[in-house]
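J.: Sequence:
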Amino acid sequence: GWHDPYRDTVLRLVEHLDPGQVRGIIGPWSHQYPDRGLPPGPAIGFLQETLRWWDQHLKNKETGVMREPLLRSWISGSHPPATVYETLPGRWVGDASWPSENVSPVAYALQGGARIVASPQQTGLDAGRFFPF
Numbered sequence: 001g002w003h004d005p006y007r008d009t010v011l012r013l014v015e016h017l018d019p020g021q022v023r024g025i026i027g028p029w030s031h032q033y034p035d036r037g038l039p040p041g042p043a044i045g046f047l048q049e050t051l052r053w054w055d056q057h058l059k060n061k062e063t064g065v066m067r068e069p070l071l072r073s074w075i076s077g078s079h080p081p082a083t084v085y086e087t088l089p090g091r092w093v094g095d096a097s098w099p100s101e102n103v104s105p106v107a108y109a110l111q112g113g114a115r116i117v118a119s120p121q122q123t124g125l126d127a128g129r130f131f132p133f
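Taking our numbering as reference, the numbering of the sequence shown is continuous, increasing by one, and the terminal residue is 133.
No lab work stands behind these hints: they were computed from the structure. Note that the structure is predicted; figures quoted are calculated from it, not measured. Just to be clear, a hint being listed does not mean it is correct.
[To be verified] Between beta-carbon pairs, the in silico distance windows are:
no.	residue 1	residue 2	range
1	Q21	A82	39 to 45 Å
2	D8	G64	24 to 30 Å
3	D55	H3	25 to 31 Å
4	V84	R12	20 to 26 Å
Just so it is clear, CB atoms sit at the ideal spot from N, CA and C, and this is done for glycine as well.
Construct all of the structure, not just a fragment, from the sequences and the given hints.
T.: Listed below in structure tokens is the structure:
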């Protein structure tokens, strides 16, 4: 999911593997099963999606999974900061290829000379939390 430290893995897989043999889903969850996503979700039917995949590829049973977009992603909407959220705005999008024609890379810099982080870095409270869940 987008909150997983390894979130780029799915993007790399759908970019570099045979598109006839791979599909990717990235949603608003952490490093856990998507059906157990932390509130406010949305969670997905992970077991149902897994069963469809295995039926298609292990039993040669037509499930329609390979007619779906190469990559399905949750795009979070804008929302004000809060301690707890009942729901979060957003939407699911599908891309037939990756990298998508709908996405353009943008480089951001916080300082002059395109430097984002000054070295040496200090570890501590100001460094943030690697696993925020």
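J.: Are any of the numbered hints broken by this structure? If so, which, sorted upward?
T.: Per hint list: single violation, 4.
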